[in-house]
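Here's the letter readout for the chains.
Protein chains: 4
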Amino acid sequence: MSMKRKVAILGATGAVGQRYIQLLQEHPWFEISVLAASERSAGKKFKDACNWVMETDLPREIAEMQVANVDVASVEKAGDVDLVFSSLPGDLAGPVEAEFAAIYPVFSKASAHRMEKDVPLIIPEINPDHVELIKIQQRLRGWKGFISTDPNCSTIQMAITLKPLMQFDLRQVMVSTMQALSGAGYPGVPSLDIIDNVVPFISGEEDKMETEALKILGTYEGGAIRYADFKVSASCNRVNVKDGHLESIFVKLDQEPPLEQIEAAFEDFRGAPQLLKLPSAPAQPIIVRREKNRPQPRYDRDLGNGMSVVVGRIRTDSIMTFKYMCLGHNTVRGAAGGGILSAELYVVNGLA
Amino acid sequence: MSMKRKVAILGATGAVGQRYIQLLQEHPWFEISVLAASERSAGKKFKDACNWVMETDLPREIAEMQVANVDVASVEKAGDVDLVFSSLPGDLAGPVEAEFAAIYPVFSKASAHRMEKDVPLIIPEINPDHVELIKIQQRLRGWKGFISTDPNCSTIQMAITLKPLMQFDLRQVMVSTMQALSGAGYPGVPSLDIIDNVVPFISGEEDKMETEALKILGTYEGGAIRYADFKVSASCNRVNVKDGHLESIFVKLDQEPPLEQIEAAFEDFRGAPQLLKLPSAPAQPIIVRREKNRPQPRYDRDLGNGMSVVVGRIRTDSIMTFKYMCLGHNTVRGAAGGGILSAELYVVNGLA
Amino acid sequence: MSMKRKVAILGATGAVGQRYIQLLQEHPWFEISVLAASERSAGKKFKDACNWVMETDLPREIAEMQVANVDVASVEKAGDVDLVFSSLPGDLAGPVEAEFAAIYPVFSKASAHRMEKDVPLIIPEINPDHVELIKIQQRLRGWKGFISTDPNCSTIQMAITLKPLMQFDLRQVMVSTMQALSGAGYPGVPSLDIIDNVVPFISGEEDKMETEALKILGTYEGGAIRYADFKVSASCNRVNVKDGHLESIFVKLDQEPPLEQIEAAFEDFRGAPQLLKLPSAPAQPIIVRREKNRPQPRYDRDLGNGMSVVVGRIRTDSIMTFKYMCLGHNTVRGAAGGGILSAELYVVNGLA
Amino acid sequence: MSMKRKVAILGATGAVGQRYIQLLQEHPWFEISVLAASERSAGKKFKDACNWVMETDLPREIAEMQVANVDVASVEKAGDVDLVFSSLPGDLAGPVEAEFAAIYPVFSKASAHRMEKDVPLIIPEINPDHVELIKIQQRLRGWKGFISTDPNCSTIQMAITLKPLMQFDLRQVMVSTMQALSGAGYPGVPSLDIIDNVVPFISGEEDKMETEALKILGTYEGGAIRYADFKVSASCNRVNVKDGHLESIFVKLDQEPPLEQIEAAFEDFRGAPQLLKLPSAPAQPIIVRREKNRPQPRYDRDLGNGMSVVVGRIRTDSIMTFKYMCLGHNTVRGAAGGGILSAELYVVNGLA
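Residue numbers (this note's numbering), protein chains in the order written: chain A, 1 to 352; chain B, 1 to 352; chain C, 1 to 352; chain D, 1 to 352.
Hints in this document: simulated from the structure, not taken from any laboratory.
Take the hints with a grain of salt, since some may be wrong.
Listed below are the simulated DSSO-like cross-link pairs for lysine-lysine, each with C-alpha atoms no more than 27 Å apart in a straight line [to be verified]:
#, chain 1, residue 1, chain 2, residue 2
1, D, Lys135, C, Lys208
2, B, Lys77, A, Lys208
3, B, Lys252, B, Lys277
4, C, Lys292, C, Lys208
5, D, Lys252, D, Lys277
6, C, Lys77, C, Lys117
7, B, Lys292, A, Lys292
8, A, Lys117, A, Lys208
9, C, Lys231, D, Lys44
10, C, Lys231, D, Lys231
11, A, Lys292, D, Lys44
12, C, Lys117, C, Lys45
13, C, Lys144, B, Lys292
14, D, Lys4, C, Lys292
15, A, Lys45, D, Lys4
16, D, Lys292, A, Lys44
17, C, Lys252, B, Lys292
18, D, Lys4, D, Lys117
19, A, Lys292, D, Lys292
20, A, Lys208, B, Lys208
Reference listing, derived: stretches of chain B covered by chain A, where coverage requires no fewer than 3 residues with Cβ under 8 Å from a Cβ of chain A [as the list claims (entries may be wrong)]:
#, segment
21, 15-29
22, 102-110
Predicted model, so just to flag it, every value in this text is computed and none were measured.
All C-beta atoms in this analysis are idealised placements derived from N, C-alpha and C, irrespective of residue type, glycine included.
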């Protein structure tokens, strides 16, 4: 008999849902018990409900599973559940996740609940203490379970690199992104929109980068998050790359540490996942590449099994303090991998 | 008998050289008289020396012309010359352009002489009075001809949009570029480097954007250029787009005009080429797109026959004053088209 | 007062519908009177109903037109109609086109009616006499109008090149295609499906190429089409190209003419549109490129304003008789341009 | 002390050379001893001589190795050598490989010697007995070593699928390829040539496919290869895909087995590498995909660690007997992986 926690994936047929399935194969603590999706897919075999877009083959036993509808009754009927990963689309996520959270721990990749006061927005390397919020959440909402959210993909990788810069009194962050196609899900970006082109707009993305980072890097004080007090300004673009968001970041610090010290701060940064040796934790959250033309999405997105953020081209800046490039795998660290790491953090804390 | 000025193109077989050839077909004032290139091509028919990468067909009479070597004697032997367009590679451009400038007006797209004190760096809409520098140049160097230079392609489009912002007391410019493949010439970027990828480095490009803009937007005073006093910080990237550089620009102004006033300043901007009705001048140097997801390279690069710069997504900024996207056709406005427009300006001034 | 024929476009918001709009700007005989689309779009301004994907700007007066629903009553209420272009999706096309054909000449790009016995499948250069079928169609169906259909895009360009080969007793045609993204409409192919990839399957396409060609190149005899008696075998692939289908064609002839004679047959081929000087007719239906590496989609798709088919690499074959490459612009010659040319043929025949 | 065979790689800095390096990491029988390249690279550290284009990182100890010049004296000076892998460019390969073959077993990916009478052209699954030719070669040429060659990449994958079809009396093969960028090496295809494009020409490729296959599938009789007696006609195209050649293949057999029998013949095919359990042998040389739209390069090229050939869309053909799609990883099975597998075959035969 398996002692692994039984996992239900809500939104299992989508691109992020598929990545959850892929990453949970062989996971030491979790096993997939239920795949749920919207009415259109419910009742079908997973292989018929889903256009599998992972490069690895669809696992055979997953292919044959019947998709449950995304409501508690249907999911419970389909199998045992200990915890829930949700990658539902925004509009659906709000009420459905709340329904599940009344009973189960829900780890959500959706934006619906991220900015609510009693909902933690977790990057385990940065703010593991924010998990405390769920006690307040449970009390306020009368839930047995809870909702813990993961940030937007382009925010996650930026925030991870900002954490070690906080010690130098971070004040301002300007970022221009070049984001991968998989960030828009599947079918997502039409090929006619992106061939020989860049699309300088991603709905809601700039606002997310400008606000979520402040909550993530804020401090848990007296049962609430006090937002960090630096400012972020973002300009977001979609480019013709499959996976891996690349970001040009310009940073203003109150201190002016030499570049070597900044490099060291990036490379030496470790967080709770590394200390706790969580199964999905990369050995190094931030990898520094020293080649003059790196990081590059195709070459660097899989470092640390897609869980490391890769920086490079660290150089002084005549207006701000310094600038650098930052790359992360948007559907691993920026989505399913990040969600699993969060769940692992809750497990070791005895909360899930 | 044609009364058009006879033109020699140095570096005619390269990607920019080819664009010169394409744009000079049917030009009312100029006609191609000599095509020159390095030793490897000299002596061959143009069609055999060149891998023609323009989408329009190689004109028949150009195909059959014999390529001259890039020295004055060979060029003069090949045909009459009134003025010279140079798109030579950087290392070759320095001495060769000087040799020609002793006799002829040379309009150079190379970076070799751009930052020299007595060499004008011209964008006709911005600094038509800088052409006065050539009198000093001729006196100092004892030349009958002169060298006038065009800025780097990513700088040109940015600088055109900065000009109308000068009235609001421009202080700081942060720019992250997404530059097209054709900016690297031919063969240029290997396809294996750019498929499913972005390259966050272009040799020398950031430095050019940070310094050239100050000279271009500087003032001609007492026989010299006084550099503009704002600061530029650039981060340059190569993306998988054929033509059209796209730039995320963040701007700090001392004034805080409403966005409508900035939009109007962009749209109403006109310069010498428009007033003088130069043949290659676009009706509007800056076009503002109001759709939420424009400008885009594939859709907007050919506006104004590739000579207009296109801006969009003008919005306020929490750190600087406002931010916007800027697109220009890098081998038309940013190279051959810009060079021809410069030459037209000199012609109406009686200098070429 | 305009004497042009008033045109309604059914399926106007789709990629082919947009191409119709683009190509009908400035047409000497036709003017757009009504834009119709399915319920989802009906009632909206065209600019709000449509994601415009043409590189030329959406014409202003088109942008403001209100979209009618695709039924006769709604269309007639929206404006006067002399003839109808339909680019409706397959399932919708069947009944809707029939409703309109009871009253109006309908030129259909849909596959619904193509293979019906009394429906002409027209390529004006090949089978202008097939228009005679509409008299039988009108009699059988009791219609005042009629349906005339255009072939599948990949079939059109192949068939045009096969026509001049008929004289050498064509027996077998094997073709492997590399088809452009725009052939799948908009949004069409998801970018995640095609980046760094080829998709070796296009639903229904091989069957269309194998059967339609025989009807097109058949003969009109005694009120019916006798199919041509050669065989076609097709293998269809989608590649990462915006416009322009490229085809590897292997041909078996009973005769063995020298390659020069085949080249001449291609180049000298002219049909009714050229003789009648129809407004959309290219001067040369087939252009032969002699460079060793042409035709190429990006360089050759716009030849003859996208209405010429371009062949190259004509060479002998050890198994069949000879082989060649064939390129056509799939949304111009292969769709809207072909449809307009058909309508022009009917007009000069006094049938529309 | 390592008992592995010491390997020298000629042409180590090229794209195929790099793939050799990548695949030989952790190889149980071979270890890299010398990296050699042309004069331009000789004497430099490998990391400085080479633009590493593999997605896995350049191994540290390889990075620091000094590149030897590609002559026997320089290579021997650089390290011990038991056998040689050559991925030299064609012109250089001829004399250099001969120089090494006088002393060492040389496994060549170059085309220079492939079609010579006494030189085996090996695909271990197909013609392991052809290795016997080297005894004749050594006798004729007075060599202690020998040259064994690997076929052209697009030929290898096709030939592997043809082998199990021989039993049905194969007569004719028509193939149209869609070949990956990495097949042209590095820098290889300029990005400006392939963006939004297909190039329907690869120098020498069609001829190689049409002739090499006959030698590979020929029989070793009386000290010579008797060529197979079917015919091949090829049409070769370059598409915008990083790795993985895709081929549309039409086949004429004298027998007409049902498709199920053909599928079974593909799937059940095993050769010497499988029987001998060679380290680089895939479990299954040919994998059959049954989805209607597979194989696809991005999804299927890495099956069997890039050593399996993947077929799909097996269907009857109205002109030939049947048609199918065939995919192979062109730099693994089609180059370095194939070369290593050949060497492994010689080792177990006691020949290297």
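Hint check:
At roughly 55 Å between alpha-carbon atoms, D/Lys135 and C/Lys208 are farther apart than 27 Å, so this suggested pair is violated. Pair hint B/Lys77 plus A/Lys208 does not hold up; C-alpha atoms about 65 Å apart against a cutoff of 27 Å. A distance of roughly 33 Å separates the Cα atoms of B/Lys252 and B/Lys277; the hinted pair therefore is violated under the 27 Å criterion. Taking the CA atoms of C/Lys292 and C/Lys208, the gap is about 30 Å. The hint is violated against a cut of 27 Å.
The hinted pair formed by D/Lys252 and D/Lys277 fails the criterion: a straight-line CA distance of about 33 Å is larger than 27 Å. Among the hinted pairs, C/Lys77 with C/Lys117 is inconsistent with the structure: their alpha-carbon atoms are about 33 Å apart, more than 27 Å. Restraint check for B/Lys292 and A/Lys292: the C-alpha separation of about 34 Å exceeds 27 Å, so the hint is violated. Proposed proximity of A/Lys117 and A/Lys208 is supported: the alpha carbons are some 16 Å apart, at most 27 Å.
Taking the CA atoms of C/Lys231 and D/Lys44, the gap is about 60 Å. The hint is violated against a cut of 27 Å. For a cut-off of 27 Å, the pair hint linking C/Lys231 to D/Lys231 stands: about 21 Å separates their Cα positions. Among the hinted pairs, A/Lys292 with D/Lys44 is consistent with the structure: their alpha-carbon atoms are about 19 Å apart, no more than 27 Å. The hinted pair formed by C/Lys117 and C/Lys45 fails the criterion: a straight-line CA distance of about 39 Å is larger than 27 Å.
Of the pairs offered as hints, the one joining C/Lys144 and B/Lys292 is violated, with about 47 Å between alpha carbons and a cut-off of 27 Å exceeded. Annotation: proposed proximity of D/Lys4 to C/Lys292 is violated, straight-line Cα distance about 47 Å (limit 27 Å). With a C-alpha separation of about 50 Å, the suggested pair A/Lys45 and D/Lys4 falls outside the 27 Å cut-off, and the hint is violated. A C-alpha spacing of about 19 Å is found between D/Lys292 and A/Lys44, which places the hinted pair at or below 27 Å, so the restraint holds.
At roughly 54 Å between alpha-carbon atoms, C/Lys252 and B/Lys292 are farther apart than 27 Å, so this suggested pair is violated. A C-alpha spacing of about 32 Å is found between D/Lys4 and D/Lys117, which places the hinted pair above 27 Å, so the restraint is violated. The straight-line distance between the Cα atoms of A/Lys292 and D/Lys292 is roughly 44 Å, outside the 27 Å bound, and the hint therefore fails. A hinted pair counts as satisfied when its Cα atoms are at most 27 Å apart, and A/Lys208 with B/Lys208 does not qualify at roughly 33 Å.
Against chain A, the segment 15-29 of chain B contributes 0 residues with a C-beta closer than 8 Å to a partner C-beta. That does not satisfy the three-residue criterion, and the hint is violated. Coverage of the segment 102-110 of chain B by chain A is violated in this model, with 0 residues showing a Cβ closer than 8 Å to a Cβ of that chain against a need of three.
When each numbered hint is compared with the structure, violations occur for hints 1, 2, 3, 4, 5, 6, 7, 9, 12, 13, 14, 15, 17, 18, 19, 20, 21 and 22.
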